[in-house]
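Got chain A sorted already, so can you dock chain B onto it with the hints?
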Amino acid sequence: MTPAILTGYVVVPLFGALMCTAPAVTRPTLQFGVRVPAARAGEPVIARQRRAYRWRTAAVAACATAAVIALRGHGSWWLPRIILLLEVTADVGCFRLAHKKITAVKAAESWFAGLRQTMAADTSWRTRPQPFPVRWLIPAVTVIAATAITGAARYPYLPSHLTALGGRSVPRSPVSAFALVIGQLYVTGVGTGLLVLVYRSRPDIDAADPAGSLRRYRTLLATYARAALTLLALVDVTLLLAALQLWRVCQPSGAHTALMLVPAGAGVLILITAAIRAGRQRAQLADRQQRPGPPTVSDRDDDRFWKAGLLYVNRDDPAIVVATRFSVGWTLNLGTPAAWLVIAAIIAAAAGLALLRITAGL
Amino acid sequence: MQLSIQPDGPVPIYQQIRDQVVEAIATADLPAGAGLPSTRQLAVDLGINFHTVNKSYDLLRQEGLLRIGRKSGAVAARDAASGPPRPGWEQDWAGRLRTLLAEAAAQGLPADDIISRCEAVVAQFAFPAVPAAASTAGTRL
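Those protein sequences? They're chains A and B, same order as listed.
Each residue of the first sequence is one higher than the one before, starting from 7 at the first, in our numbering.
Each residue of the second sequence is one higher than the one before, starting from 297 at the first, in our numbering.
Simulated from the structure, these hints should not be mistaken for laboratory data.
Heads up, none of these hints are tricks.
Negatives, chain A to chain B, calculated, CB over 12 Å:
id, residue
1, 80
2, 107
3, 159
4, 167
5, 188
6, 253
7, 348
8, 359
Label pairs and their in silico Cβ distance ranges:
id, chain 1, residue 1, chain 2, residue 2, range
9, A, 87, B, 367, 45 to 55 Å
10, B, 385, A, 130, 26 to 36 Å
11, A, 23, B, 302, 32 to 42 Å
12, A, 115, B, 385, 44 to 54 Å
13, B, 347, A, 195, 32 to 42 Å
14, A, 205, B, 413, 35 to 45 Å
15, A, 291, B, 324, 25 to 35 Å
16, B, 368, A, 65, 52 to 62 Å
Cβ coordinates follow ideal geometry from the N, Cα and C atoms, glycine included.
In isolation and in its complexed conformation, chain B is listed as follows:
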């Protein structure tokens, strides 16, 4: 997995790291169980303060996406194939999504454009294959 941080950008560095790890999990670049460098190693590789990386890892841990063990180090705790999200998460996410889409509508982006962009982004993510038995079950019934 590759991380590209813009230190002079408007988004805080810890948020950039967090966002890119989330995207890597969604695109299966970082599947569940895959390791990440330790906070100290990643801080050295990016040339940033170790507390900044610690903050992003802590955020990811709170979101249930990262597991940090003494022996195993930082490991992706889940991915798209790990089942549904925890209760209450979807409602929170829907609120943030609404604001994000509202920004596009407020800026005058046509509805078709917004939907096609959403589809293009979702197409980049890796979703677990639907089992053949489950997909054909409806036709048999």
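In isolation and in its complexed conformation, chain A is listed as follows:
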């Protein structure tokens, strides 16, 4: 299975399905990137926009998938990627449309009038911090160690030229032989580092129910972290299988190439399933635990800090990582220099990897 086919047949419909279902796993008080008081979560405009968004994104996903199938065999490897880019742009357009419509009604009807806008914190988040699931990191570390040991054992017997995944022949060197181990270290290091940042960041707390929402957030974070660490381990397994082919432990064949992607694909599915389940559970519990009568306390209306409802830019907020407004996940506060340092570190590490790949001739 080539990357082009993977993008075409798997990523395009999967991305479309994820965008279509995202509103169902988002907090009820955050609709299409718009902060909404709990009492207004059932407004007709929100129900209407959710319905319209579902139809629009489903149509976009269907068109993109149909285009990929219809144009099969035409164009080059970049064609499915262009279709994916168009799909992403169209989905963001659907999101922006719903965002604008809800924002307009919210402003016209002054949804936050008379509410005490509050920022809540629970000190137990810091005094009894959520333990990082270190044990779930063991599989990834074991796979990396196994890959490195196998590579070290095979290295003396490798021919003077290795056959890279693309079929090119590259001269044998420690860098070309161990490139995939370095890749494993990069993926696992960046993934774990970002997860640690999330564990140290601000929890997603509902001002009307701080204790309940913190409990739900702890459950969601634990589920998400375990799934993310499983994904890292499975990506490492895919890289191990690729390394076995590079080191000629197993002979390259079409079936083997397709089989290599199965662990990483399974990892992505596990993470998506866990995120959707945890997000739905949180949204349903938050709905169920709403108190009767109109609440007087509400989360702070912080829409002005969210550019296009998706990017968080707040210079007065010292948090580097905050919960995303759409779907389940986290995003960086682009208003802090530290967030740009994180982005720079990830890009620098990726650039270093690319440079290593070029020097090794891979």
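Here is chain B on its own, set in the frame of chain A:
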């Protein structure tokens, strides 16, 4: 302990944090020796400037309610069971209480109402249990 800050309210944010920590100590939500997040962590959790939290912690430290150590972090320094307040504190507090009660009287709240409200608030606080020996000592004498 939970903190609820209203950034657009009339009370400054540092004062809101200080007041809620005092209330948590009085209700035993934050007993003596219990820890609070560092200034940086609390600033991140509330999404506010770190200097604002620093100002509240400094105020609490000056009042003898918070102890800030390099290793231990911010810890509640005392509570209702820690004995009487430092000399001179009560006089200062009585002055502030007088103004607060005077506000209610000036606004026309009946005396009974003021007293019942005071009792209701005090009933929410945790006071140390009077030792059995001390309470029965009077009857024995």
